[in-house]
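Q: Given chain Y's structure and the hints, the job is docking chain U onto it.
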Amino acid sequence: MDAQKNLYREEAYELLANLEDALIELEQHPDDLDIVGRVFRAMHTIKGSGAMFGFDDIAAFTHTIETVYDLIRDGKLSVTQDIISLTLSSCDQIKAMLDASQGLETVSDERTVELTQAFTAYLPQEEGAPDKGSPSLEKTGDQADGQRPLTTFRIRFQPHKDLFANGTNPLPLLNELKDLGESTIVCHMKDLPDLMDMDPEACYTSWDIILTTTSDINTIRDVFIFVEDSSEITIEPVDTLATENLDAEYKKVGEILLERGAIQKEDLDKALKTQKRIGEVLLDKGVVDKSEIRSALAEQEQIRAMRKKRAAADETSSIRVPAARLDALVNLVGELVTVQARLTQFSAKKSDPDLMGIAEEVERLSAELRDISMGIRMLPIGTTFAKFKRLVRDLSNELGKDINFVMEGEETELDKTVIDKLSDPLVHLIRNSIDHGIEQPDKRVASGKPAQGVIKLSAQHSGAHVLISIADDGNGLDVDVIRAKAIEKGIISAETTLTEKEIHELIFAPGFSTAQNVTSVSGRGVGMDVVRSSIEGLSGTVEVHSSKGRGTTITLKLPLTLAIIDGLLVNIASESFVIPLGAVVECVELTEEGKTRAHGRHLIKVREEIIPYIPLRETFSINEGIPAIEQVVITELGDKRVGFVVDRVIGQHQTVIKTMGHMLKNIDNISGATILGDGTVALILDVYKLIQQTEYLEREGLQQ
Amino acid sequence: MSKTILSVDDSASIRQLVVFTLEKEGYEVVSAVDGQDALAKAKGQAVDMVITDLNMPNVDGIELIQALRADPAFKFTPIVMLTTESAMNKKDAGKQAGATGWIVKPFKPEQLIAVVKRLLG
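Protein sequence lines correspond, in order, to chains Y and U. Mapping of the first sequence onto our numbering: position 221 corresponds to residue 221, and the numbering continues sequentially without gaps. Each position in the second sequence, counted from 1, maps to that position plus 1000 in our numbering.
Everything labelled a hint here was simulated from the structure, so no lab data went into it. Just so you know, not all the hints are guaranteed correct.
As the list claims (entries may be wrong) - Pairs of lysine-lysine residues, derived as DSSO-like cross-links and limited to a Cα-Cα distance of at most 30 Å, are as follows:
| hint | chain 1 | residue 1 | chain 2 | residue 2 |
| --- | --- | --- | --- | --- |
| 1 | U | K1024 | U | K1108 |
| 2 | Y | K95 | U | K1090 |
| 3 | U | K1024 | Y | K416 |
| 4 | U | K1003 | U | K1117 |
| 5 | U | K1024 | Y | K178 |
Just chain U, with the same shape it has in the complex:
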């Protein structure tokens, strides 16, 4: 049975790329447009991993990670943050909030798949 990944990014083009890349590898992908949307969607189903951008309106990536870690259902779920080279301090904040790993934008689809395999198997 395939694993479900929650992908969170306010950029439609990135969301589409993530869905395309991961579905080809056999994962199920649920997309959300920001942290608030993500939390709503996470309530509905079993999610095996979360990939999230950090800069988003409403609830941003850091807040999302904090909210997820505080929820017993997501305490040990692997969470990957999408960061940019110029925002490495955000990456540290994400680590503090409990993120498992990170990918730097821009990234190639193969890099995304490698990280998912490394954290989820």
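For reference, chain Y alone in the conformation it holds in the complex:
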């Protein structure tokens, strides 16, 4: 924040200098509206940015001046000698306030008041109150979330036809609602005309959202604040899951439709006379649209479900399932996804609309099945985190250190196998932090740190990955000690020059340990390299950031699931490969010109950046038919960007990962294979390993 304050101050001093020049000019040309504009804008920026960075006194003071110049801009007030003098004096006052914020001077508050009053005299007597139209982007009333009962709201979102004209996308709004609680969303498409008559820039759909949430109605209304004028929004509470209501049956579908005004009482009565289900009858009679029924049913369904959940809250409603059974399920789902891909490809070839419709539905269903079965295997990492509390307590007591152990993101979910395999590496990393990282309390106090050290263990989702980090505010890594030890162990030679980051990486080398004594806890030197290989075995990465004397942070990046990932399908000659989409940032073309411009080095310029690439044809020795223009798939791992050159980029592909057989398991740069829709096999590239290998080869001078 200090850096921002300084930047603002610099900016403000500069603006004041420009402002003074402008005022002197204005004095000579009092009718020049351009100059007035410059003065206004300078005041406006000083005020606006001032408020942003905590300079409230400056913001308040400048407000009145800005208002006066606004009137001048609109021609409601003329520039006078007096106004110019006052404004110049105000510049001095603002300068004084800026100086005061740095402790350079004291500011006279009376002067501020005096100047403000002088300006106020120029304003018309009735000044309107500021518009209350600012969106309250804070979640209103969320403090009492735990106490407020779950309420179900019926929300109707009917955009006008021209919704898209101001760049509105209804989908993020629906997502925002979904994040507030449990919801069912029904889309009404009855107004959708035939494709030939449709205007692609118009919005024909509307949505009913049944939302069960602890948030209050204002929070919901807030979601729609930007589209209030371009849509009809109704929000009504329809059920409070307060205990008293739980015994009563929720309204019947007919009642709901009646309540909404979708049908009249006579329709309801007439329909009830027959024996058929109310929804069917109303539909048959054409009285109401299919999506209305669906929506009413969704409401009924949701509330029943919520009530059941609430009633069963005390009972445990989970089942223990043998992990093997889940694995079998996931395997089957994988097979299904593969066959579904073949079906989709086949139906596209046949161009039969009926078949394509069916294939689409199968695709949708298998995607849902995939998501749900992947989800079953997901567990919150908090279960693993919790047992570390004891570890930290015991170990810090044993070593006489005072440590505050903080956990964040315990609700982050990961695949069960990943969690199981993470346990040991995490234990090792935490032990390291306690043993080598955090110093003894007296040593900490001596170096100006609080006696109590902090170790923070946190987990969060990041795209298709989970980031787990262990951060301590202890010793940090000592590059000299590490370097010395690495030379001693023969890991590097005395002449090798390495950057600080590369020295940090040395701790992962096998056999490395800088502990003076091998304690019962650590120092056996079998730790960090095992941690790294365990994490890499899970298709993850380990990174270390450290600052001597300040602390160390180890970050683990793991994929959310091991079985099915989103991949980018590419071709080299007749071979297909898959690159994990999570690592991909963009694709660019590689022309002859691009290659010659780099003078034979494997580098490509993308906008302002120079990015190295790996020519996969060389890596895999594929020699047939190079196309004139190749494609570079640019990946990003950590903060490194590396491109991979292929012939063609086909597109996104749901990749069911099959492990390589026994014999081929040791091929480092391939992490698995997948079967494409036409039955051929595509190899899945291990981007991290490929980059590592190429770096190694380059360093050893074996490659250009």
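A: Below, chain U without anything else, positioned relative to chain Y:
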């Protein structure tokens, strides 16, 4: 692949805050100092959203919004305007010009992120 946001403001301190806040959330940010600069930068690349101040020299916020909406490449791009409490009439002008939403200065970084999520996802 990350989304790109074009941030337009003649105040360097605000620009820096926006870049800092949004890049932390994984967005790519391109900064411009006024409407004219913004239009030049918009020609060069794919932009998924625009956040713009209203009071700027050369081409101001309202003109920028109008120019963007007239360009087929930006007809449906979400555009957020940064307004101040005392300039609510400008906010209406912005809405008329086709802005998608607004944030009132001073704002907290979390508010900026919430609006970006609401309009861009």
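Q: Each of the hints needs a verdict: does it hold here or not?
A: Evaluation of the provided hints:
1. Under the criterion of a C-alpha separation no larger than 30 Å, the hint pairing K1024 of chain U with K1108 of chain U is consistent with the structure, at around 15 Å.
2. Restraint check: the Cα-Cα separation between K95 of chain Y and K1090 of chain U comes to about 29 Å, which is no more than 30 Å; the hinted pair holds.
3. For the hint pairing K1024 of chain U with K416 of chain Y, the CA-to-CA distance comes to about 29 Å; that is within 30 Å, so the pair holds.
4. Restraint check for K1003 of chain U and K1117 of chain U: the C-alpha separation of about 11 Å stays at or below 30 Å, so the hint holds.
5. Of the supplied pair hints, the one linking K1024 of chain U and K178 of chain Y holds, its CA atoms being roughly 24 Å apart against a limit of 30 Å.
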